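Assembly of the complex is requested from the two constituent chains, each provided in isolation within its own frame, with the hints serving as guidance.
Each chain, letter by letter, is given below.
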Amino acid sequence: MFEVLKTIFWALPRGLSITLKYLFSKPTTVRYPEQRLTLSPRYRGLHYLKRNDDGSEKCVCCGLCAAACPAGCIYMEPAENEFGERYAKVYEINELRCIFCGYCQEACPKEAIFLGKEYEFATDRREKLIYTKEDLLVPENKGVSAGKTD
Amino acid sequence: MLAFIIISVVKIVVVLVVFLLMIAYLTWVERKLLGHFQVRLGPMRVGPHGLLQPIADGIKLLLKEDIIPTNVNKFIYIMAPMVTFVPALIIMAVIPFGDTFELFGHKIDMVISNFNMGILYIFAVTSLGVYGIVLAGWSSNNKYSLMGGLRSSAQMISYEVSLGLSLIGVLMIAGSFSLVEIVNAQDKFIHWFIFRQPLGFILFLVCGIAEVNRIPFDLPEAESELVAGYFTEYSSMKFAMFFLGETGAMINISAIATTLFLGGWHGPFLPPVVWFLVKMAGFLVLIIWLWATFPRFRYDQLMSFGWKVLLPLAILNVFITGIIMVL
Chain D
4 MFEVLKTIFW
14 ALPRGLSITL
24 KYLFSKPTTV
34 RYPEQRLTLS
44 PRYRGLHYLK
54 RNDDGSEKCV
64 CCGLCAAACP
74 AGCIYMEPAE
84 NEFGERYAKV
94 YEINELRCIF
104 CGYCQEACPK
114 EAIFLGKEYE
124 FATDRREKLI
134 YTKEDLLVPE
144 NKGVSAGKTD
Chain V
326 MLAFIIISVV
336 KIVVVLVVFL
346 LMIAYLTWVE
356 RKLLGHFQVR
366 LGPMRVGPHG
376 LLQPIADGIK
386 LLLKEDIIPT
396 NVNKFIYIMA
406 PMVTFVPALI
416 IMAVIPFGDT
426 FELFGHKIDM
436 VISNFNMGIL
446 YIFAVTSLGV
456 YGIVLAGWSS
466 NNKYSLMGGL
476 RSSAQMISYE
486 VSLGLSLIGV
496 LMIAGSFSLV
506 EIVNAQDKFI
516 HWFIFRQPLG
526 FILFLVCGIA
536 EVNRIPFDLP
546 EAESELVAGY
556 FTEYSSMKFA
566 MFFLGETGAM
576 INISAIATTL
586 FLGGWHGPFL
596 PPVVWFLVKM
606 AGFLVLIIWL
616 WATFPRFRYD
626 QLMSFGWKVL
636 LPLAILNVFI
646 TGIIMVL
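Residue numbers (my numbering), protein chains in the order written: chain D, 4 to 153; chain V, 326 to 652.
In case anyone wonders, no lab produced these hints; they're calculated from the structure. Remember, predicted model here, so these are calculated numbers, not experimental data. It is possible that part of the hints are untrue.
[Stated by the list, open to error] Derived pair list, reagent style DSBU-like, types lysine-lysine, alpha-carbon separation capped at 35 Å:
no., chain 1, residue 1, chain 2, residue 2
1, V, LYS399, V, LYS389
2, D, LYS61, D, LYS120
3, D, LYS9, V, LYS633
4, D, LYS113, D, LYS131
5, V, LYS389, D, LYS131
6, V, LYS513, D, LYS9
7, D, LYS131, V, LYS385
8, D, LYS136, D, LYS120
9, V, LYS399, D, LYS24
10, D, LYS24, V, LYS513
11, V, LYS385, D, LYS29
12, D, LYS61, D, LYS113
13, D, LYS61, D, LYS92
[Claimed, not checked] Not the full set, but computed from the structure, chain V residues with beta-carbon under 8 Å of chain D:
no., residue
14, VAL364
15, ARG365
16, LEU366
17, PHE429
18, ILE433
19, ASN509
20, TRP614
21, ALA617
Beta carbons are placed, not taken as given, at the ideal position from N, Cα and C, and that holds for glycine.
The shape of chain V in the complex, shown without the other chains (with noise of 0.2 Å):
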């Protein structure tokens, strides 16, 4: 009991450790990137090459003046941050990231909690995530906010349906809601959802952009629109936890990505974790690439893309997958 308790113990401070690490670097390498796809240079200053940018950024925005507007509703203003931000935490929870092994007699999961729910869980605990989104819009009493806020929920609304309609192919042929059951079933690289749910991993890819708030589907932050959207009136650490939560949420997708489509900690010569950070890496660099290529989708194609193409294809999806499966 002990051991299992002081493993749990470790394995959560790592898992958040790591996870805060990637989230404070993938603001840089985001910065980086995208800088050198507009064929700028970046962040250069802090730094070699701007490495300590995060750091920097940080301790400015822990420094900054934490300004409450007046008219504000307090008590749902102070906590949309945290409901946006602790979502993206605890979703880790559920995320295998390596195989088992033996430590001193002890066999250790490679997942803080293999519990056999886990796709259901993540369902849970991503459609908490807006629910921030959604308070802090219409706690600011702005009307920018408001729009952000109402746009946030419509957009997950829409899109959300379809995202769980793209893994029932995967929950199908894995024949099962755990986690662990789904990567153990990729155990080789033909196996792997991706390729035999090729149409279900490109449904993903596009609903779960549309989950994370990224370019093309961002309309709930849309600057040029909306002055920065549902967390216009926020400031100092309140507005660094919106940040963070956001980009939470994208390592978040892309881990859930690796899992269900890529494979999960799969992989020849490497240990499983470096697997799984690689791929869950090149996601990252997808996701900032579409970002890097495509405009933002207008409100009313957003619905009808959302409703008239998604829906169908993800229906269309489980529909081909169960006949294949009967046959």
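Isolated chain D, as found in the complex (with noise of 0.2 Å):
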């Protein structure tokens, strides 16, 4: 009898109180497309591959990233340009099977592959998400600095 008594008398009404604290606690939700959460600065999202000062491509298509990929995802085919340097004729990263881990940009001996911070890259199709070369090469007149969100 004293152990019901005490439920109702005490911890009944404590727990009301506690969602009583919360009712009046400021909500957590963020309205994510006008708010958003600042990312991390370690933040990995979409790859982007780098050009040199001259806007030509860093990558050397060396498949040291395609190697380190854990999830396999990145195909290279390599080529020679008209200077006899080599550089990555296909590169594609199948981005539905890509785990953002990083280890292509920790691997790249040429500092060539960053991971940014774009992550609204949602599709209805998956052959949207094999992103070529083309889709992943910042753009030419922008020159080395300007990653694509860096």
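Quick look at the structure:
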């Protein structure tokens, strides 16, 4: 009987007081499209490929990123340009497979590939998520320092 | 005679419209309050602070495909939502929501029907509501629905007894079954039955929440156990009818609580109708607050609580009230 009384007059009101406290606390909801969370400086989003100062691609198609990739989502085909330099003829990243670990960025000896801050690239077709070299390269006129959202 | 009919029709239309609006906006208040209890915002997108959400929901439910599963008992399946919804509407007929006043030489009671068996009528009609639930559970030909219906009937039988007994004290003091008389007996603040019958009020609160199937007594529709309970097979407007019936039952129980325990429309300064609505709103918020706080009862706990705790307490309450009245 004492237990029952203790429940009614102590435990239940205490539970109610806790929920009441939360009723008047500030909601933690972030109203997404209008409000956004600030990303961590180390946030790993969509990849991008950097260029040299003269606008040529940094990537030399060494294949270390593909070797480091645990998800096996990087595919590349090498070729030589008119100066006999090696470059990536085909460079594809399957963003569906990618786990955004950032090992490609770490493995790259030329500092060509980076993971940016872009995360809104959802789409309605799987094919659209296989990003080609043209999708990944930063625009030529912006030079090296203008990484996508670096 | 004509004046009486016109007055009655006007009262019925006004009460019905206000009641339906309250049902619609209670769903919004529910979602909003539960959201804030859970440190969320609740509906925000449709209209300012989600104020048009009930309308959007209504349109959505009306336009949804109305599925009648193959193996249901069609007649009862279609009838069940109506059987749940109609009692919720007609209870308001005996609730007094204001004082009598004169308009163009006619005395107007602020109650649709002031008849002297109000409480018995309420009990009869609320008990009818459970038929809809049981029939829905049975006619759906689905084990979850059937379980929900069975639980509902068992719960109703266990708690209706205590609910009835918890009001006996009020009836003894007021000396009348008429809700108008009961409100008149609570003309002063200290005469409110919540102060004269505190145990009765707590019992009424518990049994009332059990009666309207709200957490912690929502066993008939326990989502985590029974999919959606008795209305698992329902869709579109039939589903909405159950929903409206339940929300309506919630409003009814707070209207009854206001009338019986919280002094009805009595109160200083503000007009009686406003006082009535304010008290009702307070009781509704209390129900939502309990909802946000407590977990669901287990079935055996529900049964033992109903029969071993509530029923003896209700009888004890009647007994004590009787002794005090005799002394």
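*Minimum Cβ distance from TRP614 of chain V to chain D below 8 Å?*
holds, 6 Å
_LEU366 of chain V as an interface hint toward chain D, with CB separation required under 8 Å_ = With a minimum Cβ separation of about 4 Å from chain D (threshold 8 Å), the hint on LEU366 of chain V holds.
*Compare the distance between the alpha carbons of LYS389 of chain V and LYS131 of chain D with 35 Å, and conclude whether the hinted pair is satisfied.*
The given pair, whose Cα atoms are some 33 Å apart, holds under the 35 Å limit.
*For the pair we were handed, LYS131 of chain D and LYS385 of chain V, check the Cα-Cα distance against 35 Å.*
Since the Cα atoms of LYS131 of chain D and LYS385 of chain V sit roughly 33 Å apart, the hinted pair holds (cutoff 35 Å).
_Just to be careful: measuring from the Cβ of VAL364 of chain V to every Cβ in chain D, is the smallest value less than 8 Å?_
holds, 5 Å
*Decide if the proposed pair is consistent with the structure: LYS61 of chain D and LYS92 of chain D, CA atoms, cutoff 35 Å inclusive.*
holds, 13 Å
*LYS385 of chain V and LYS29 of chain D: Cα distance at most 35 Å?*
holds, 31 Å
_35 Å Cα cutoff - pair LYS9 of chain D, LYS633 of chain V_ = holds, 17 Å
_Restraint check, 8 Å cut-off on beta carbons, for ASN509 of chain V near chain D_ = Because about 32 Å separates ASN509 of chain V from the closest Cβ in chain D, which is outside the 8 Å limit, the hint is violated.
_Restraint check, 8 Å cut-off on beta carbons, for ALA617 of chain V near chain D_ = Where the cut-off is 8 Å and the nearest Cβ of chain D is about 5 Å from ALA617 of chain V, the hint holds.
*Can we keep the ILE433 of chain V interface hint, with Cβ of chain D closer than 8 Å?*
Since chain D brings no Cβ nearer than about 40 Å to ILE433 of chain V, farther than 8 Å, the hint is violated.
*With a cut-off of 35 Å on the C-alpha distance, tell me whether LYS136 of chain D and LYS120 of chain D pass.*
Status holds; Cα separation ~18 Å.
The structure is inconsistent with the numbered hints 9, 17, 18, 19, although it conforms to all the rest.
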